[in-house]
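K.L.:
Which chain is which? The protein sequence lines are Z and E, in order.
For the first sequence, this note's numbering gives the first residue as 1, with consecutive numbering after it.
For the second sequence, this note's numbering gives the first residue as 1, with consecutive numbering after it.
One thing to keep in mind: the hints can contain errors.
FRET-style restraints, in silico, Cβ to Cβ [as the list claims (entries may be wrong)]:
1) E:E70 to Z:M113: 36 to 44 Å
2) E:P215 to Z:E140: 46 to 54 Å
3) E:E132 to Z:E19: 50 to 58 Å
4) Z:E133 to E:K201: 14 to 22 Å
5) E:Q275 to Z:E140: 30 to 38 Å
6) E:V62 to Z:K3: 41 to 49 Å
To be clear, the hints were calculated from the coordinates, so they are not data collected in a lab.
Glycine included, every Cβ here is placed at the ideal spot set by N, Cα and C.
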Amino acid sequence: MEKQVIQSVGFRNIVENGEVTGFQFKIRLPYYRGIYLSQIMPGTLFVDGERIDKEEITWWFKDLPYTNEEMHDDFKTHWNPTECAVLKVRKPGGLSQGYHDLKYGFCFTSSYMPPVMQDRLDPDEEPFIIMPEFGHHVNERRLLIV
Amino acid sequence: MFTYDRKGPKRGIAFYSYSAEYGLTKTLEDCFEDTHDMGAHGIEILANTHIENYPYPSDAWVENWHRLCEKYEVVPVEYGHWIDSHVIRGRELTTEESIEMLERDIRLAHRLGFTVMRTKMPVINGALEPVENWREIIRGALPLAEKMNVRMCPEIHTPSNLKGKMVQDYVEFIKETGTRNFGLNIDFSVFRNRFKEGEWKSPDFEPNKPEDIIPLLPYIYCCHAKFINMSDDFEETTIPYPEIIKILQDYGWDGYLLSEYEGADKYEDGYEVGQTLRKQHIMMKRLLGD
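Please construct the entire structure, taking both the sequences and the accompanying hints into account.
P.N.:
Below, the structure is given as structure tokens:
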């Protein structure tokens, strides 16, 4: 795994039945311990400045897809910090060849932090105080599609 | 199975210390080998971090775990885990659901050979007080903990105080139930008595004196040997280690001091936390006469 949250490996267009239906990228969990899917708060993706809402994105863990609603209630499936999640984005035609600027926001709750701190979490805004062991909410990377 | 017969305070490593490197430039086996290099024989893991496919590791993974303990002469001391009853937004887990989660961890800790658990309770406020039903949750899991020979230990960490209400409540619970399967993990951050000029310090924090630990010793099954700053001549400059270790020795306390480094500088590129841990282990070796 790379140190950056958005990984360079795994960024490509998705082809289904001969048609490009979207693209995918991988992220790692920038936290020192694993979390349950219910703790994840998915946010917004920007590709070259174009906004893509979380409804267009499906998270995959161990080759299984989870909708935002499924993740919200799932406190049994665990995301280990040594595994990447794959984010598949619906976008007919996918992304063009060349560089793309990805900017993605997500965060997660933590049961041992005071609830008042949890209530203020916003996946699309950086936390009030950046703690390296919790990572950034918003991560950016410039990557190539071939 | 490797056993380590030394009595009194013993050296160990909390693998949390490797958090900035783990999974990127360090594997689980690297953490074992680094521990072995330092001649330390105890470890703490974080279940949610260091167990592949937690909470359901494969038999092959568990077999490899025991192989690593044997090869690097390591005793699995403390299993770090969380009672994640705030895991869903909108409601708290019920007592029954929390017990079920806790029992799953007790079984897994036992399967990996651990005898102490660092049981982190969900907190309800800035004073880090645990959820109101913590007694019911722990009580519900005590029979299994007894059967599996593990001790559940909340960690007492700055800004909490050894003489504070939280610790009193835990001690009362131990006395009431007479249990040997619930106790304390003391993080040495509570003894920190030196701060740099202008350094941030919690307004709620009042440092404990080393002797404040004495009445709690019968309930302490493990300590986090927290350190903040090691000098180049191998002294900790913020926590009175010589006094603390002398008390543990004089009172015949038997258990592991698990080194835990959480300085933010460990996230800097190229930082090797193993070197920082080694500095502290030179100090501890000298103080322990190890």
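K.L.:
Indicate whether the distance between the beta carbons of E133 of chain Z and K201 of chain E respects the range 14 to 22 Å.
P.N.:
For E133 of chain Z and K201 of chain E the Cβ distance comes to about 20 Å; the hint holds.
K.L.:
Taking 46 to 54 Å as the stated bounds, is the beta-carbon spacing between P215 of chain E and E140 of chain Z within them?
P.N.:
Cβ of P215 of chain E to Cβ of E140 of chain Z: about 53 Å, so the range 46 to 54 Å holds.
K.L.:
Does the beta carbon distance between V62 of chain E and K3 of chain Z stay inside 41 to 49 Å, or does it fall outside?
P.N.:
At 29 Å between Cβs, range violated.
K.L.:
Q275 of chain E and E140 of chain Z, beta-carbon distance inside 30 to 38 Å?
P.N.:
holds (31 Å)
K.L.:
Using the Cβ atoms, figure out if E132 of chain E sits within 50 to 58 Å of E19 of chain Z.
P.N.:
About 55 Å separates the Cβ atoms of E132 of chain E and E19 of chain Z, which means 50 to 58 Å holds.
K.L.:
Does the beta carbon distance between E70 of chain E and M113 of chain Z stay inside 36 to 44 Å, or does it fall outside?
P.N.:
holds (38 Å)
In this structure, the one hint that does not hold is number 6.
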